[in-house]
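Undergrad: Line by line, the protein sequences are chains A and B.
In terms of the working numbering, the first sequence has 157 at position 157, counting the first letter as 1, and numbering is strictly consecutive.
In terms of the working numbering, the second sequence has 1034 at position 34, counting the first letter as 1, and numbering is strictly consecutive.
I should point out that these hints are in silico values taken from the structure, not numbers from a laboratory.
Being a predicted model, the structure only gives us computed values, none of them experimental.
For every residue, glycine included, the Cβ atom is placed at its ideal position computed from N, Cα and C.
One should not assume that every hint holds.
Stretch by stretch, here's where chain A covers chain B in the computed footprint (C-beta under 8 Å, at least three residues) [unchecked claim]:
1. 1023 to 1030
2. 1054 to 1066
3. 1114 to 1127
4. 1147 to 1157
5. 1169 to 1180
Protein chains: 2
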Amino acid sequence: MRNSGRLTQLIQALRCLPGVGPKSAQRMSLHLLQHNREGARLLAEALLGAVEHIGLCRLCRTLTEHEICRSCSDGTRDDSLLCIVESPAEVFALEQSTGFKGRFFVLNGRLSPLDGIGPEELRLDLLEQRLAQGVVEELILATNTTVEGEATAHFIAEMAKQHGIKTSRIAYGVPYGGELEYVDGTTLAHAFNGRRQLT
Amino acid sequence: MRNSGRLTQLIQALRCLPGVGPKSAQRMSLHLLQHNREGARLLAEALLGAVEHIGLCRLCRTLTEHEICRSCSDGTRDDSLLCIVESPAEVFALEQSTGFKGRFFVLNGRLSPLDGIGPEELRLDLLEQRLAQGVVEELILATNTTVEGEATAHFIAEMAKQHGIKTSRIAYGVPYGGELEYVDGTTLAHAFNGRRQLT
């Protein structure tokens, strides 16, 4: 391949994006250089601006440009409800799809002793301080329903118990629009055992 | 959605990449900010470097950092063979898959009168100059096999005829590994009519 040095560098650099392999990276590079140089310039600026100015909220540890994120500084939200999620992406997903008006706490990871991720890395000390303040009444555990997510939820539930705080876990079940035939057995068992009375 | 301003800007900017919609753009942004800030910084630099330094080769009009690209300045290549392609991506594809050691000429587009793309936009004047030099003996028309690609190939073939230069068109046929059942009728007809004698 006779790519010039800077083109090779750009193709290589684009591969830091999730889901972008060598073919897509080449297609993206050529597209930008041939048809959208202004877009490439704006993207470079946006990347630098974001990397330089976006950090973690001091209270909830989500991504924000400010010391305290917009959600945490929103006085109309309910301080008694605290929802624990693994990453900022889940904050966005829950905000978009639920009417939740409580507070969030972002772990930025999940307990994974083999990868050296323990309570310190997730800043559970900050969470503990928050729980000790006596304002939170219900802790909603919205970590992923993976093995690590479950273990993390369990660990945090134990922590909440010591502070006498009620915890809840998001419901397991069949995804909306799902056909039972194609749902895995564990999910189906959870959905069956967690059935709700209709009438 | 409670994205901060710079995060929204980054998500928006990533959408200039082909095949990246709002969901992927958000996922990419969060991934970079959470897990690969160094990669984001390198990508920004690569984008700026590429946009600033990569232009079109004065001879073949492919993308290059230099006035004349590496392929054009390679003295070992055969000047009598000139392959016409629509974009630099096709130069890479042909270089990777064929042993072609002639020269390329990149149109950076195809004739499309409705979009205002005529012979001037494709710099066919440069191509004509090249043909007039009397060095090229065969012109290989490797434009896409779309309606516009065909029209472009036809137009250039007429031009070559006036200079008494032989032209050839890449072969139409069934893609390698293709099952005839799933190949469209036009391709199949081309493949059938273009059959080659084996023994």
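Undergrad: It remains to establish, for every hint, whether it holds in the given structure.
TA: Structure-based check of each hint:
Given as covered by chain A, the segment 1023 to 1030 of chain B passes the check, having 6 residues with a CB less than 8 Å from a CB of that chain where 3 are the minimum. Coverage of a stretch by a chain is defined here by at least three residues with a beta carbon nearer than 8 Å to that chain's beta carbons; for the segment 1054 to 1066 of chain B and chain A the count is 5, and the condition holds. For the segment 1114 to 1127 of chain B, the assignment as covered by chain A is violated, since 0 residues bring a beta-carbon within under 8 Å of that chain's beta-carbons and 3 are needed. Only residues whose beta carbon comes within less than 8 Å of a beta carbon in chain A count, and the segment 1147 to 1157 of chain B has 0; fewer than three means the coverage is violated.
Given a C-beta distance limit of less than 8 Å, the hint that chain A covers the segment 1169 to 1180 of chain B is violated, as 0 residues qualify and 3 are needed.
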